[in-house]
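Since each chain comes alone in its own frame, lean on the hints to assemble the complex.
In case you want the letters, here they are:
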Amino acid sequence: MYDHYSGALLGVISRIIKKEELAEEILQDVFLKIWDRIETYDAEKGKLFTWMLNIARNQAIDKTRSKEFSKGKKTDDIETLVSKVDKSDFTETKIEGIGLQELLKRLPEEQRFVIDHHYLKGYTQVEMAEEFNLPLGTVKTRMRLAMIALRNLLKIK
Amino acid sequence: MNVEEYISSGILEAYALGELSEHERAAVERNLLQYPQLRKELDLIEETQEHLLMKAAVQPNASVKTKLFASIDNQKSAPKVVELKRTATDASAWKFAAAAAVTIALVSSYLAFNYWNKWKTTENSLSELIAQNQRVAQDYNTVNDRLDQIEKDLNITNNPAFNRVVMKGTANAPDALASVYWNESTQEVYLSVQQMKELAQENQYQLWAIIDGKPVDAGVFDANFDGLLKMKAVQAGAATFAVTVEPRGGKQTPTLETMQAAGNVVKG
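So the sequence lines, in the order shown, correspond to chains G and L.
Under the working numbering, the first residue of the first sequence is numbered 250, with each subsequent residue one higher.
Under the working numbering, the first residue of the second sequence is numbered 86, with each subsequent residue one higher.
I should point out that these hints are in silico values taken from the structure, not numbers from a laboratory.
Model, not experiment: these values are computed from the prediction.
Be aware that a few hints might be false.
Stated by the list, open to error - Here are the computed distance ranges between Cβ atoms for each label pair:
no., chain 1, residue 1, chain 2, residue 2, range
1, L, L129, G, R355, 15 to 25 Å
2, L, A178, G, R355, 46 to 56 Å
3, L, E114, G, G348, 26 to 36 Å
4, L, E114, G, T387, 22 to 32 Å
5, G, N382, L, A111, 43 to 53 Å
6, G, D365, L, A185, 15 to 25 Å
7, G, S315, L, A216, 57 to 67 Å
8, G, N382, L, S193, 45 to 55 Å
9, G, D365, L, I215, 38 to 48 Å
10, G, D365, L, N226, 57 to 67 Å
11, G, G348, L, E208, 20 to 30 Å
12, G, D365, L, E90, 52 to 62 Å
13, L, S193, G, N401, 24 to 34 Å
Claimed, not checked - Quick look at which bits of chain G chain L covers, simulated, 3 or more residues with Cβ under 8 Å:
no., region
14, 294-304
15, 356-362
16, 376-385
Cβ coordinates follow ideal geometry from the N, Cα and C atoms, glycine included.
Just chain L, same shape as in the assembly (with noise of 0.2 Å):
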């Protein structure tokens, strides 16, 4: 027998749509135990059928099933036993254990299939769970490292040993205003911007300490920042700050008609 030939004629396809005489049926039925190709392209058929009926699928009404497994327990379990035990001979034990068996491997291999999708499913919800729990501790370490970075602005704020300069703004900006704090003894200079205009890429604001009257850096800065920017080391000796606008990186000597915001040290 050719079998490609059998194959593409279409008989599978009307066995499997149950469409045959019992004689043609029983044909398909030997062919199949010997050739095992037939038997491959019949399973792709058939689970190919059951796909497309599963997705035309009808939902019967809940009182249907109900009915049907009131009616299965009454009628049927007490005549099926009956029947079982009076032929009980050896054959017909033979094929009430071939059925058994059959019936065994059916519904077991649909609980397993169920627990395989059980299995999936839970599979499926723990990674998600890892993911989240990945996602929380992220969110964690930020709010963190956060709570440290201010922890650390307020030791400064608090400590007495800076000095609190208030820079108001200038007639150029009447609306800047910053703070620096500056411990004379460590020369420490931390910075924080609380109202600065944001400046073109191309420019930065700088701080300038005015010792003995004149100007000495103390660093870069953009407006947007959270919490203290620390600057360059202030010598002791600094009367004024003062903020201006600089080309990107700052300058050797202040832009004096720039200046943003300025301040004296108030000595406490």
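The following block holds chain G by itself, in its conformation from the complex (with noise of 0.2 Å):
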């Protein structure tokens, strides 16, 4: 299960945390969690994938309300620029963005908006609303149709 999700898993938490190192350890946060409380996954109220992303989501969004977390933001300029040269094997690990790319470039502008910012840059829907002037129902059935356009192109059935 570890590796079959976890890549998943960290690519949500590190578009929340930018920071590698935090991200990991939230990552392992996350599968203790999961591990805790497999029992209480029920299968009727969804997909197994989709229980452990709300857990890595919430633990990824609660870390930067943490005091912890903003606190390490202000020393992180440096640090961040150390860790990008030390840590260049993290960077070469990621396999983001090939054919998500060319798959996302296949969608309406309009489209590719919504989930560029949700998936991608962490956005929640109302956060997009506020942020982007929009109609909170206008980003919710941009969203409906992003989904489905993406359902047809991933020929999900």
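This is how it looks when you write it as structure tokens:
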């Protein structure tokens, strides 16, 4: 399970927490939580991946609100620079984007925007509506159309 | 409730995206139980989301896995067992059984998927191997046929009953060289070409045997063939073999001015 899902979950976390080390720490916490709570997973309520995804997303968002994180953020600049040089192996193992960018290019601009901002930039629909001055209903409609378009592109039936 | 409208409001997407309040989530979950169509739609949304995020995966360092498994081993397993023992009343035993069942179901579906994948891979490699095998068998047959042909040719060239007549190029084609293997008693004639240039499409070479000063047709041929070519039978008494260029299909009488190669029979 770890091998199968850790990449996708780290992808989600690292789009919310930009610092790589911290993101991996959260990934570890997330899997501990999954391990702890696997009994509470209810297949009636959705797929296993969605359940894990929500744990990961909430854990990451909680982290951004914590004190530790806001303190860390200030000293981040130098550290990020150093860690970028130091931890080049992290970036090398990234497989993000190759097939994904191709896929997103096939979406109409408006739909690509919502997918990109939610899945790759970590915005919620509400945040998107506020920041880009769009009615929430519009964001939701575009998200729905985008998911349908992706479903067809990915041939999911 | 109008299911279509409910779906197109995008609430299922918001549910899958994890953006609903506790209250809203509960409402969606109630509706999911009631309307199978919602369930189906949500499955599609979740599947799409999973595909998308799998594509956007970022592989963690190997150290994360090591650390994680170590901390699961050290910290989590011990207290977990104790906790279960302590709360082993009837009700929680059922809960535990249910949880165990879910876990087993999860693990076995994951394993099943895993094995299915492996089986698929194996199946692919098998059909590849079968195809490869067929290719090898075909190659083997080709080689075998060719070997048979060469063996047959060798039997003729090694047979003392066959007289070899070397036909050297004439002034028309100084480089031409071909040989006739002629068995006077069985009248069989085989031809092998060492060097003769290719002719235009409408022309062919024709082999002649000269018997009592008269040319006798021994068949037509093209320049490019491998090994020995069986020609028309030639009766005893041939003194010379010669090759001319004729229209495709050959002629009754040779066009002597086109003679390419000729050689006399040397009686052994």
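- Query: Against which earlier hints does the structure fall short, listed by number upward?
  - Reply: 5, 6, 12, 15 and 16
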